[in-house]
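Note that the protein sequences, when read in sequence, are chains A and B. Position 334, counted from 1, in the first sequence is what numbering that gives the first Met the number 0 calls 333; the numbers after and before it change by one each time, with no gaps. Position 262, counted from 1, in the second sequence is what numbering that gives the first Met the number 0 calls 261; the numbers after and before it change by one each time, with no gaps.
By construction, these hints were calculated from the structure, which means they are not laboratory data. Predicted model, so just to flag it, every value in this text is computed and none were measured. Accuracy of the hints is not assured; some may be wrong.
[What the hints assert, rightly or not] Derived CB-CB ranges, DEER-like: (1) B:G61 <-> A:A139: 55 to 61 angstroms; (2) B:E413 <-> A:S117: 45 to 51 angstroms; (3) B:E40 <-> A:R143: 52 to 58 angstroms; (4) A:A428 <-> B:S139: 25 to 31 angstroms; (5) A:E447 <-> B:Q118: 52 to 58 angstroms; (6) A:E112 <-> B:P222: 15 to 21 angstroms; (7) A:E90 <-> B:P222: 39 to 45 angstroms; (8) B:E413 <-> A:D367: 24 to 30 angstroms; (9) A:E90 <-> B:E413: 54 to 60 angstroms; (10) B:E40 <-> A:E168: 29 to 35 angstroms; (11) B:A435 <-> A:E112: 30 to 36 angstroms.
[Unchecked claim] Derived, one-sided and incomplete: chain A residues facing chain B with beta-carbon distance under 10 angstroms: (12) E39; (13) R46; (14) R339.
Note that the Cβ used here is the ideal one computed from N, Cα and C, for glycine as well.
In case you want the letters, here they are:
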Amino acid sequence: MIELARRAVEATVGAGAGAAEAYASEDAGREVRAHGGAVESLTAATRRGIGVRAWIGQRAGYAYGTDLSDAGIRELAARAAETARIADEDEFAGPPELPVRLSPDMRGESAPELRDPSIGEWSSRDVAALALRIEEAALAADRRVAAVEQAVYADSVERVAIASSTGVEAEYERTSCYGYTQALAEGEGARETGLGFGLGRGPAALDPVRIGAEAAARATEMIGAGKPSSRGCPVVLDATVAASFVALIGRALGADAVQRGRSPFAGLAGEVVADDAFVVHDDGLDPEGSSSAPVDGEGIPRRRLALIENGALRTFLYDTYTARRAGTASTGSASRGGYRSQPSVGASNLIVASGELDLDGLLAQAGDGVLVTDVAGLHSGVNPVTGVFSVGASGLAIRGGETAEPLREFTIASDLVSMLKAVRAAGSAARWVPFGGSVRTPPLLIGEMTVAGS
Amino acid sequence: MSPLIEPEVAERVLRRALAGGGEFAEVFCERGAGLTLAIDESRIESVQSGASAGAGVRVLSGGTTYFAHVDGLDPDDLERAAGEAAAALHAESAEPRPLRAEAVVPQPIELRPAEVAAQRKADLLRELDARGRAAGPEISELTASYAEVRREIAVANSDGLLSGDDRTRVRIGVQAVARREGEVQTGAETLGGHRGFELLEDDAGEIAEAAAGKALTLLDAGPAPAGSMPVVIGGGFGGVLFHEMTGHGLEADHVQKGASVYVGKLGSQVAQPLLTAYDDGRMPNEWGSDSIDDEGTPTQKTMAIEEGRLVSFLYDRLTAARDGVAPTGNGRRESFRHLPVPRMTNTYIAPGDAEPEAMIAEVERGFYAASFAGGQVDPATGDFVFGVSEGYLIEGGRVTRPCRGATLIGNCLEALLAIDAVGSDFEMKTGVCGKAGQKVPVGTGQGHVRVRAMTVGGTEV
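Work the whole structure out from these sequences, hints included.
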């Protein structure tokens with residue numbers, strides 16, 4: 000892999016670029032979808048490709064391709080150089096440079112193990128059985144579960160290599176897998192859905208019974224749901240919902256959005272942006288994190304960063320470009336969707352610190368309010384510039400410190416900074432959630448939010 | 000350009016795919032090339048050129064789909080994919096039917112984007128930037144993007160079908176930010192089509208003014224109301240309402256799994272008689288149009304709701320066979336790396352006879368959602384949510400002040416029945432729809448539509 004990346008860098012410099020960087024990746028993956036006690040589909044796939052950044056003076060361009068023959072690489076290199084010529088000059092554009100003095104932590108020596116080699120020992124028959132067990136578990140958990148929409152298992156073995164004409168060289172391999180199911184429950188003349196999921200480095204990390212039971216519980220607890228009355232009240236976000244918001248906060252902490260004035264956190268470095276109860280780190284080296292890697296998308300070593308601590312905004316996330324623009328160093332926060340996308344600033348794994356109270360404790364502290372177990376419309380209901388949001392929600396009423404009747408068809412509204420300042424407590428039971436980013440968070444109690452229902 | 004797959008190769012691949020048995024096999028080949036660029040801070044950046052080629056092979060056997068995909072279109076790559084797809088099958092081999100090539104007329108493209116100089120595209124973005132910023136000194140930031148993509152596809156299956164399509168799409172988008180004291184507002188607009196660069200030769204700069212105009216208008220916004228009230232929805236991208244509320248629930252895979260609120264509703268009255276709606280993959284040069292779907296079925300105009308009565312679901316081959324009906328040309332896939340599933344093409348509510356002004360004049364207190372940022376639905380429960388990007392209060396029959404941060408929320412069956420006026424105006428807009436991890440271009444359209452009562456989720460209780 001690294002050979003291929005080096006070849007692409009050479010070809011791009013040969014095509015007239017002053018500097019070049021190549022990101023090559025290859026992954027082999029499987030996916031099983033089960034429904035009605037049978038395997039609905041079984042997919043086996045390999046994916047290979049390479050993406051090249053080219054710099055000509057202060058101009059930057061990008062090209063990707065899947066033809067890895069010599070002719071294919073030459074054509075790709077020519078396209079990359081051509082795109083650079085189209086771009087305007089930007090004084091901060093330039094290839095990544097490795098930090099001159101590397102601490103042991105930054106040399107990648109403390110890089111975590113990201114592979115579960117046992118993944119290869121599970122045949123497609125084995126993983127199909129796992130998907131079927133997830134469905135069975137959802138159906139067995141509660142008589143009111145009428146069906147599952149589907150139960151899914153997927154895994155991948157991924158290899159990445161990054162090389163640049165400025166001396167960056169990195170290569171790593173990681174495995175990952177996940178399982179989920181959407182249960183359909185029926186009762187009181189209506190149909191309800193509930194999602195259960197799990198993730199890990201290998202299939203042994205997945206507990207099919209737990210995934211199925213979670214889906215069943217989430218679907219059945221919604222039977223008979225009504226609308227809450229519109230009001231401001233305490234809100235408990237369960238871990239999956241909290242994770243969706245934390246992912247949005249991670250995006251808003253990217254220096255790119257901040258420098259271009261398009262983040263609610265712009266101008267707030269060092270300021271109080273949250274209650275002390277909310278602490279979040281970005282940790283690209285967490286052995287359990289699905290976005291973990293020894294280096295970021297530009298080959299710069301990853302590390303653990305305090306983002307919000309003691310209520311204060313400690314740092315933004317920087318890649319090479321935004322760091323240069325701010326006159327600081329990259330935090331190893333270039334993230335990459337694969338060879339088909341250019342690197343951009345992004346969080347790796349966002350880790351929210353856990354507190355003392357379990358869910359019952361949070362509910363007791365809330366007293367009267369709403370426990371939100373699902374949100375919808377995050378991509379359209381949040382203004383990324385201002386952080387103002389209003390999103391669809393469902394969950395359970397909280398009365399007298401305990402959960403009461405199910406609630407649906409309401410919205411919760413606030414803005415990201417006000418919400419963080421209104422955090423009253425973080426729960427004790429954190430979990431990994433893969434929606435919209437890799438996040439590990441406990442449930443959060445928010446002092447007040449606007450709930451709009453009937 | 001060479002053909003994506005020679006008929007002899009296709010036959011060999013299909014035979015290989017059926018070597019271990021199976022009722023149906025298909026090979027889908029694709030070659031794609033695209034260019035995107037953006038302007039931000041008045042500087043051309045993020046220039047990206049992409050090229051990919053690959054194939055997906057699927058085999059259907061006993062209710063299970065076996066699927067494999069590979070990068071590359073060499074006969075060896077294709078046979079490898081066929082071998083992987085068939086790896087789990089060990090029955091007696093089946094014989095594919097001889098291939099018969101279908102004649103397909105792709106959508107007409109006058110000016111191939113790849114033949115237009117890159118500088119012209121960069122200049123177009125500079126024009127968008129200048130026009131948007133000229134709309135007012137309060138426009139503080141503007142980003143605009145240009146994207147072109149050409150996808151050639153070929154599909155061959157064991158029923159003897161051999162077909163293909165050549166698809167070119169272009170799309171531009173503008174997002175403007177306006178600031179006044181502490182207030183920050185955004186406005187966005189897009190223009191796109193299954194069309195060549197000629198789409199942008201008229202007055203493409205107009206969308207920059209429209210986006211900037213929205214942001215400027217919203218600077219005067221107050222908080223959005225919270226609660227149930229009559230809602231008038233604007234034309235064009237307002238059609239995302241029907242897309243989410245009804246379109247997804249009509250996709251036959253959801254229906255057959257019992258995961259749609261429209262299960263058992265075929266033939267029933269689901270809306271007032273004033274509402275008729277279509278899914279139409281044949282609208283010339285429209286964003287969601289293709290000449291064939293990604294299984295080779297010609298696209299068609301499907302009436303989904305006729306005067307309030309549900310008359311058809313949307314099918315791909317697999318779901319159509321299960322229901323014993325003909326596929327409706329809705330088998331779509333994001334790329335050769337994905338299995339086809341029933342998807343919308345261009346969905347719209349047909350124009351009615353109400354005048355938009357009159358619709359609003361009849362509302363004493365309500366909400367005017369002129370445009371949406373997007374929406375989401377759970378087809379199984381019918382619960383939906385829409386983010387409003389441009390909303391206003393209606394007071395005393397008149398549109399008064401703009402509102403910030405509103406969301407509409409409700410349930411499909413109730414809201415669809417509650418549509419009590421459909422406007423005579425009509426407009427189509429472009430969208431990108433996500434389902435089962437796949438994104439496809441879709442068109443949405445309608446004139447102004449009024450919903451008798453809907454929950455507006457703002458902050459003003």
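Consistency of the hints with the structure:
1. At roughly 25 angstroms, the beta-carbon separation of G61 of chain B and A139 of chain A lies outside the given 55 to 61 angstroms, and the hint is violated.
2. Hint check: E413 of chain B to S117 of chain A, Cβ distance near 50 angstroms, so the stated range 45 to 51 angstroms holds.
3. A beta carbon spacing of about 55 angstroms between E40 of chain B and R143 of chain A agrees with the range 52 to 58 angstroms that was offered as a hint.
4. As the Cβ distance of A428 of chain A to S139 of chain B is approximately 43 angstroms, the hint placing it in 25 to 31 angstroms is violated.
5. E447 of chain A and Q118 of chain B have their C-beta atoms about 54 angstroms apart, which keeps the hinted 52 to 58 angstroms range intact.
6. Separation of E112 of chain A from P222 of chain B is about 51 angstroms and departs from the stated range, judged on CB atoms against 15 to 21 angstroms.
7. At roughly 41 angstroms, the beta carbons of E90 of chain A and P222 of chain B sit within the given window of 39 to 45 angstroms.
8. Against the hinted window of 24 to 30 angstroms, the Cβ-Cβ separation of E413 of chain B and D367 of chain A comes to about 28 angstroms, which satisfies the hint.
9. The hinted range of 54 to 60 angstroms is satisfied by E90 of chain A and E413 of chain B, whose Cβ atoms lie roughly 56 angstroms apart.
10. About 33 angstroms separates the C-beta atoms of E40 of chain B and E168 of chain A, a value consistent with the hinted range of 29 to 35 angstroms.
11. The hinted range of 30 to 36 angstroms is satisfied by A435 of chain B and E112 of chain A, whose Cβ atoms lie roughly 32 angstroms apart.
12. The beta carbon of E39 of chain A comes within 7 angstroms of a beta carbon in chain B, closer than 10 angstroms, and the hint placing it at the interface holds.
13. Interface restraint check: R46 of chain A against chain B, minimum CB-CB distance 6 angstroms, threshold 10 angstroms, status holds.
14. Interface restraint check for R339 of chain A: the shortest CB-CB distance to chain B comes to about 6 angstroms, inside 10 angstroms, so the restraint holds.
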